[in-house]
Structures are given as structure tokens and as C-alpha cells.
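Protein chains in written order, with this note's numbering: chain A, 7 to 115; chain B, 297 to 444.
It is worth saying that the hints were derived from the structure and are not from the lab.
Even for Gly, the Cβ is constructed at its ideal location relative to N, Cα and C.
Possibly wrong hints are sitting among the right ones.
Covered stretches of chain B, as calculated for chain A (at least 3 residues, CB under 8 Å) [as the list claims (entries may be wrong)]:
hint: 1; stretch: 355-364
hint: 2; stretch: 377-386
hint: 3; stretch: 397-408
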Amino acid sequence: MIDLVISLALFFLAALFEIGGGYLVWLWLRENKGVAFGLLGGLTLAIYGIIPTFQPANFGRVYAAYGGIFIVSSLIWGALVDKKQPDRYEVIGALISLVGVTIMFYLRS
Amino acid sequence: MEKLEQFSEKDYFGIKRHLSDVKINLESRCISRKQCFTYTILLFILAGVFEIGGGYLIWLWLREGRGLTFAFLGAIVLFLYGIVPTFQPANFHRIYATYGGIFVIMSILWGWVFDKIPPDTYDLIGALIILIGVSIIYYWPRKDEIND
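Using the sequences and the accompanying hints, generate a full structural model.
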């Protein structure tokens, strides 16, 4: 149980760094912010790369389950940071994806 | 388009100009849905290659005891990964949410090819369901949006 909690916490932390880093690069290239945003984004993405190494499963499996957390986190990021509420199809698609993630990572064990 | 032109004027060392020209080119290819689908899928796959490749290099550095060169290369590749989605014709959260699903499929393939871990039944069923979910997120036609 404690492994599951640690695992989920690490996934969310990784998603935060990855989406945050990607968003900074996005601001640089799409929203016309300075190159400093891009460099900061690159640094954030490098830190993101370190986080999954703390996960207690093999590489492929870690990254597979992470994808599901990532989908949900992206929509939350859009709503909170970008102030763009997910539309109906984004919510439906995300819920369907989570069923797949549950089968793949948590139902097996 | 106006915004992109503005953005081309403020280029540093010609890099930004080049990037925005490529982007205009890409978006103009999105006239038909079929072409748009091909371009966006290729961009998703490219992002996946960079992200998993970069993550793997850092993994090799920290978990397999490889040198700092691996860490440095990993960081560069992850930075490139961050640039790829900026060429996608959609808003940030939709691109990233969809990418999450593409990422799952590609991670399984990556683990299979490089770590010799074949997907089992749970992987295959789960991946298929995830793929359906993210396809709805990105490709479901929306009446009020031009790019979809």
C-alpha cells in the first residue's frame, strides 16, 4: 500500500515537472515570451527526467502507468494555469484512458 | 497568422524565424483532415522518441551507473522533446493530454525493443483502451474549432 502511495506521488511530481517544463518552452515559442522561458523549461524537463528513476518498477512499466497520470494532469494544468476548461470530449476521452491505465498497471498486481 | 508574423520579426540568430516558418508550413498542411492527422501523429511520435530517449539516457546515468555524458545528452534530448509539441495545431492541454496516451504505447514498444520486455495481455488491452480515449480527446470533431 505504501508503495502505491509513493508511486502515485512520484507520478504526479514527474507530471508537474514535465508539463511545467513543456509549458515554459511553449510560452517561449508559441506565446512569444523570452528565451529565458525556454531555457528554464529545458532545465525543468531535465529534472523531470530524474524523477522516474526513483520508481520501484522496471523502465517500461513505470513509463506506461505514468501516461495515465499525465493525461489527467494535462487537463488540470489547462484548467488551472491556462484557464481553459476541458471540453466534454476531453473529459470522456480521459476517463476511457484511465480505464486502460488501471488494467495495465494496477489490476495486474 | 498575424501573431506568427509578429513573432518572426523578433528572431534571435534566425532560429525563431526558422521555427515559425516551419510551423506556418505545417499548419497550412492541415487543410485536409487526412493530412492533418498524418502530421499530428508524426509529431506525437517524434515527441515520444525524444522524451523516452532522453528519459532513458538519464535512467542509464543514474540507475546503470553510466557517465555524466549520458545525463547531458539526456537533458538536451528532453529539451528537444519540449519543442516538438509547439508545432501542433491545438491548444496546450489538449496536445499534452493526448500525448500522454501516445507515450504509453511508445513506452511499451521501447521496453520491448531495447529492454526485451514483451507486452503481455494486460498491456495490450490497456494500451488499446488508452488509444481510444486519447483519440477522442484530440480528434473528435468540434463544430466551433477550425483546426479540428
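Hint check results:
no. : hint    : result
1   : 355-364 : holds (count 3)
2   : 377-386 : holds (count 5)
3   : 397-408 : holds (count 8)
Checked against the numbered hints given earlier, this structure breaks none of them.
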